[in-house]
Amino acid sequence: MASMKIKKGDNVVVIAGRYTNQEGKVIAVNKKDNSLIVEGVNMVTKHAKPSMANQQGGIIQKEGKIDASNVMLMHNGVRTRVGFRVEDGKKVRYAKKTGEVIDTVIDKKKVRESK
Numbered sequence: 002m003a004s005m006k007i008k009k010g011d012n013v014v015v016i017a018g019r020y021t022n023q024e025g026k027v028i029a030v031n032k033k034d035n036s037l038i039v040e041g042v043n044m045v046t047k048h049a050k051p052s053m054a055n056q057q058g059g060i061i062q063k064e065g066k067i068d069a070s071n072v073m074l075m076h077n078g079v080r081t082r083v084g085f086r087v088e089d090g091k092k093v094r095y096a097k098k099t100g101e102v103i104d105t106v107i108d109k110k111k112v113r114e115s116k
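With our numbering applied, the sequence shown corresponds to residues 2 to 116, in that order.
A couple of the hints might just be wrong.
[Said to hold, decoys possible] Taking CB as the label site, the calculated pair distances span:
(1) 84 - 22: 17 to 27 Å
(2) 50 - 97: 46 to 56 Å
(3) 54 - 84: 38 to 48 Å
[Stated by the list, open to error] Capping the alpha-carbon separation at 20 Å, the derived lysine to any residue pairs in SDA-like fashion look like this:
(4) 98 - 84
(5) 33 - 5
(6) 97 - 78
Quick caveat, the hints were computed from the structure, so don't treat them as lab data. Glycine included, C-beta positions come from ideal geometry on N, C-alpha and C.
Work out the full structure: start from the sequences and follow the hints.
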């Protein structure tokens, strides 16, 4: 499975579909179906039955999934694609439009092996 270029906490803008040009922060990433949940985008209505946890029940608005191919990373106010490269022996994510390093990639496999 290839690594996702967009992570939880990134600021993104929707580039295709019903919510074009809406911006938000990534709340959750699902690698299996290549989807994201973006704050304030693709709001869906859920009808919740009353239960022990939710005594009131009622209608709840929450964010729905959006495909990762329909969003683009916003880095320093600029829409950009994301690339990977190796700098000083570490894999980093960088903005293809500006060439700036976004952050370092932590390889979970190597972290597990070192424990």
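Each hint tested on the structure:
1. At about 24 Å, the CB distance of residue 84 to residue 22 agrees with the hint of 17 to 27 Å.
2. For residue 50 paired with residue 97, a C-beta distance near 47 Å keeps the hint of 46 to 56 Å intact.
3. Separated by about 44 Å at the C-beta atoms, residue 54 and residue 84 satisfy the suggested range of 38 to 48 Å.
4. Restraint check for residue 98 and residue 84: the C-alpha separation of about 10 Å stays at or below 20 Å, so the hint holds.
5. Pair hint residue 33 plus residue 5 holds up; C-alpha atoms about 10 Å apart against a cutoff of 20 Å.
6. This hinted pair checks out: residue 97 and residue 78 have alpha carbons roughly 14 Å apart, not beyond 20 Å.
In terms of the numbered hints stated before, the structure departs from none.
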